Amino acid sequence: MSDVTTTVHTDHQDHAHPPGLQHHFTNMTQQFEAAKLGMWLFLVTEVLLFGGLFVGYGIMHSKHPEAFVAAHHHLDWRLGALNTIVLLLSSFTMVMGVWAAQTGQRKKLIAFLLLTIILAMVFMGVKYVEYSHKFHEGLLPGKFYSHQGDTVPGQFMFFSFYFMMTGLHGIHVLLGIVAILWITFRAWRGHFSAQYYGPVDIVGLYWHLVDLIWIYLFPLMYLIS
Amino acid sequence: MADAMTPTAAHSHPDYLSENKGLWNWLTTVDHKRIGLMYLWSVATFMIIGGLLALVIRLELLTPKQTIMSAELYNRAFTLHGAIMTFLVIIPAIPAILGNFALPLLLGAKDVAFPRLNLASLYVYWIGAAMAVSTLLLGGVDTGWTFYTPYSTTTGGGVSMMVLAAFVLGFSSIFTGLNFIATTHKLRAPGMGWFQLPLFVWGMYSTAIIQILATPVLGITLLLLVMERVFHIGIFDPQLGGDPVLFQHFFWFYSHPAVYIMILPAMAVMSEVIPTFSKKSIFGYKAIAFSSVAIALLGFLVWAHHMFVAGMSLFAGAIFSFLTFFIAIPSAIKVFNWIATMWRGSIDLKVPMLYAINFLLIFTIGGLTGLFLASLSTDVHLHDTYFVVSHFHYVMAGSNMIALLAGLHYWWPKMYGRMYNNTLATIACTLIFIGFNATFLPQFVMGSRGMPRRYYNYLEQFQTMHVASTIGSWILAAGLFLALATLLASLRKPKDAVPNPWNGRTFEWEAGSPPITHNFEHTPVCIYSPYDYRENPVPIAEEEKSAH
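Just so you know, the protein sequences line up as chains A and B, in that order.
Counted from 1, the first sequence has number 30 at position 30 by this note's numbering; the numbering is strictly sequential.
Counted from 1, the second sequence has number 335 at position 335 by this note's numbering; the numbering is strictly sequential.
Calculated from the structure, these hints are not laboratory results.
Here the structure is a predicted model, which means the values were calculated and not measured.
Careful: at least some of the hints might be erroneous.
To be verified - Derived CB-CB ranges, DEER-like: (1) Pro14(B) <-> Leu205(A): 50 to 58 Å; (2) Glu535(B) <-> Arg189(A): 53 to 61 Å; (3) Val467(B) <-> Leu205(A): 55 to 63 Å; (4) His73(A) <-> Gly241(B): 17 to 25 Å; (5) Trp182(A) <-> Phe195(B): 39 to 47 Å.
Unchecked claim - So these bits of chain B aren't anywhere near chain A, every CB distance computed over 10 Å: (6) Ile57; (7) Lys110; (8) Ile220; (9) Leu480.
Ideal Cβ placement from N, Cα and C applies to all residues, glycine included.
Use the sequences and the hints to build the structure in full.
Dropping the structure here:
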């Protein structure tokens, strides 16, 4: 039984490698699809990671509704709304970046990626203003909560979740900035083409998730009643 | 399964063990086979440490009062035993060792989809392991491996470090699972559809689903526990308005599915070993494949059966009890299918098959005793007794360890190109079976008579059974030591294994023993079913034609 004439791929030494193709993949499509599937699976784990915090928040909110509502008045919804707009814009520039990569327009790709990074930094800047205000007022998580003149007790719990959730999200924004810087650098070095743009695409997917999580965080923190 | 070149015909490449030797080449390798072997020796090291702790614990329990150590030391010993065995041994054991080694070979692939991520998972494992061991220097951990609040948020020692270690180890597990799903989807050999996958792959795929969906929840739960310890955020502390039972819900939402991370890979090994040594096509291929997925999904709906006495509503308890009974069905389907595979087969009692038969006995005892714990009323009596300890050792420790040994003896010739001494390995297998049952059968009895788990002292009426259990642990240790020594001794010989020592039908037996770095001289093509043991195998395409 040896009708092995049908073997697809025979040798590891002499195939003409398209740039960017790793040894264990047969072609670029297979590699791209595997990377994309991997990224989606990673995003699933991210959703579940944040999901735990959302469930914890929901349960504690239902246990202490007055404290949570009273505490959320310390947040400035206008700053939260500003950041929502900033992140939505950054998602748009990211989409344009992916489009530029797919169509092989290197300069536009770099420009859109840099714009995305700037918007992400604006987001972190606004977050810095908000955080320093909270620090100044003693609106801190857990045992470090030292705000004076509260009429409703137990507001520290809201700030525990506020800092954990926005903090974890902030870390994701920072990691996103690093990832986008990395693909900007690779784009500048001319690694990408209309045939090979997988890394841009999957970093884009990650960035949209970071944006999406904020879209849920914003009403949960700033707009409860 | 398909045809390949006869291995002697073309050996133009050196095998993966001989190519690029040296420590640095191993530490920077992306070869799934080398990563699997490094996992093997890392996990084996921790299995020895965890096993020695178990021996010490059993020795302490030889007498009703203090035997060799203080009560505090005893608490730390069983916590470290549980944490090491759960997070460092059982969870990574079969996926990270056998899965890494065999899954790409079974698919006819050159490697996993993300080889660098695979290497990263090993380094993350080492970091997590170092963190877990470092708790010894921080005063130890005395909470038990479940870290229940509020005790875990108030006691001293290295709780935060141990919890962070488990958090880090979770990433290692996620990376492995992510790799296996992507590899199964994208790197199957030409002609291999989903129902031509070897069942080992189905088992690994189902395991990976749990690793992806459950591990992040454990991650965030453990982070919340650390936050509670450091910042007193209040979520689990009743004095601050939190809920300690919420921790148990969060914890078991991961940790119950995690027991299926432990058992599904064991079942996956069985589905390869049993048909190979029965020389018969597996009975009920699709039933086994789908029951793996069913276990993975149902496993998410039963977590609160750990908490029947924790103050949950009776209605919720009844629902979780019902769902827990439900999960026995796919497990039983598998056991019956394996037995039906053996029926009228040409059974060859080689060492892997002996382990497989051991597994069937031990898993059946473990599974059936689970039903007593799933029933609300009996669980009130049995909760937190040695009955529970014995039950989960049968399903988690015994079944997993014996399946690991079955797989290790099955793929050992493929891993190292050498055959081990059959007689010694058979003796080891027998000792393990006797030792395991001698250790844990008495625990069912004393548990049902009221011996609580984790107690340092006990009533004198339980001493006979504790002594039996301790003697059993020595037999078990002797068996494991002999098994390890037999495998290691084979490495001193020159390579003597043929490519297909067991007459298996799956792809890995077409590669050399050991395979070359890229696994196959020629990419295999899937022509026959992976379990077609007929004298003249019929190609899948023809079989489908005749079916219509």
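Say whether it holds or is violated: Lys110(B) keeps its Cβ farther than 10 Å from all Cβ of chain A. Nearest chain A Cβ is 4 Å from Lys110(B), so the label is violated.
Given a hinted range of 55 to 63 Å, is it respected by the beta-carbon distance of Val467(B) and Leu205(A)? 60 Å, holds
With 39 to 47 Å as the target window, see if Trp182(A) and Phe195(B) comply at their CB atoms. 40 Å, holds
Non-interface claim for Ile57(B), where every Cβ of chain A lies beyond 10 Å: 32 Å, holds
With 50 to 58 Å as the target window, see if Pro14(B) and Leu205(A) comply at their CB atoms. For Leu205(A) against Pro14(B), whose Cβ atoms are near 40 Å apart, the range 50 to 58 Å is violated.
Taking the Cβ atom of Glu535(B) and the Cβ atom of Arg189(A), is their distance within the range 53 to 61 Å? Taking Cβ atoms as reference, Glu535(B) and Arg189(A) lie about 59 Å apart, which means the hint holds.
With d taken as the least Cβ-Cβ distance between Leu480(B) and chain A, does d exceed 10 Å? 34 Å, holds
Would you assess whether Ile220(B), listed as outside the interface, keeps its beta-carbon beyond 10 Å of every beta-carbon in chain A? 3 Å, violated
Given a hint of 17 to 25 Å, does the C-beta separation of His73(A) and Gly241(B) actually sit inside it? 19 Å, holds
Against the hints set out earlier in the document, violations occur for numbers 1, 7, 8.
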